[in-house]
Amino acid sequence: DGGITQSPKYLFRKEGQNVTLSCEQNLNHDAMYWYRQDPGQGLRLIYYSQIVNDFQKGDIAEGYSVSREKKESFPLTVTSAQKNPTAFYLCASSIGAYEKLFFGSGTQLSVL
Amino acid sequence: DQQVKQNSPSLSVQEGRISILNCDYTNSMFDYFLWYKKYPAEGPTFLISISSIKDKNEDGRFTVFLNKSAKHLSLHIVPSQPGDSAVYFCAASSSNDYKLSFGAGTTVTVRA
Numbered sequence: 015d016g017g018i019t020q021s022p023k024y025l026f027r028k029e030g031q032n033v034t035l036s037c038e039q040n041l042n043h044d045a046m047y048w049y050r051q052d053p054g055q056g057l058r059l060i061y062y063s064q065i066v067n068d069f070q071k072g073d074i075a076e077g078y079s080v081s082r083e084k085k086e087s088f089p090l091t092v093t094s095a096q097k098n099p100t101a102f103y104l105c106a107s108s109i110g111a112y113e114k115l116f117f118g119s120g121t122q123l124s125v126l
Numbered sequence: 088d089q090q091v092k093q094n095s096p097s098l099s100v101q102e103g104r105i106s107i108l109n110c111d112y113t114n115s116m117f118d119y120f121l122w123y124k125k126y127p128a129e130g131p132t133f134l135i136s137i138s139s140i141k142d143k144n145e146d147g148r149f150t151v152f153l154n155k156s157a158k159h160l161s162l163h164i165v166p167s168q169p170g171d172s173a174v175y176f177c178a179a180s181s182s183n184d185y186k187l188s189f190g191a192g193t194t195v196t197v198r199a
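So the protein sequences, as listed, match chains A and B. Going by this note's numbering, the first residue of the first sequence is number 15, and it counts up by one from there. Going by this note's numbering, the first residue of the second sequence is number 88, and it counts up by one from there.
Hints may contain errors.
[Claimed, not checked] To be clear about the criterion: a stretch of chain B counts as covered by chain A if any three or more of its residues have a C-beta under 8 Å from a C-beta of chain A, and this derived list gives those stretches:
id : stretch
1  : 89–102
2  : 127–141
[Unchecked claim] The list that follows gives simulated cross-link-like pairs (lysine-lysine, DSSO-like), each with its CA atoms no further than 27 Å apart:
id : chain 1 : residue 1 : chain 2 : residue 2
3  : A       : 97        : B       : 186
4  : B       : 143       : A       : 114
5  : A       : 23        : B       : 186
6  : B       : 155       : B       : 186
7  : A       : 114       : B       : 141
8  : A       : 114       : B       : 158
9  : A       : 114       : B       : 155
10 : B       : 143       : A       : 71
11 : A       : 85        : B       : 186
12 : B       : 158       : B       : 143
Rather than coming from a laboratory, the hints here were simulated on the basis of the structure. Predicted, not measured: the structure shown is a model, and the values here were computed from it. We treat Cβ as the ideally placed atom computed from N, Cα and C, and that holds for glycine.
Please take these sequences and the hints and turn them into a complete structure.
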């Protein structure tokens, strides 16, 4: 089945530690995205990538980094510079601009 | 600055009745609007969309209405079913833009 796979489902981060969230898609979509959801808030865009080897900052990119070395993969690293990392992280993909997004099942990141 | 606003955080409706969810936007460049449905600990799933050339789009029990002059859209669910209990997000985008802006969501509870 085609879709988006996020792993792990739950992740814990110690203070000062970098952690990486995985996102893989087999939909052959060009564009991929990372969103963050906090309780009672909408989804906020962290980074997006229109094509391999290219990505742009979203609205809340500080403390995060990404790479897009393969079309299928768009990992997100939450660095120690992100002071409030506890949130539900959602990866998504789309065929291109102006198209609906398909979401993965999310990763819940918590701080120990 | 939140460009998409869902001012009702929650809605409770009896099974079989109509659910009406509202969404307002401030960016006049937005011309593509979507509704997503989300269950806890899962990724959002696409429900229905509308472009600014239309004022209504229907898909089964779901109808979206767009009032461009008021910068307002609404989602009607008729009849409401227990499986409709979820969080509903309104989202908007402008032409050729990869970025979707999301509202904070409305939690719908369908009572038996």
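Numbers of unmet hints, in rising order: Failing hint: just 10.
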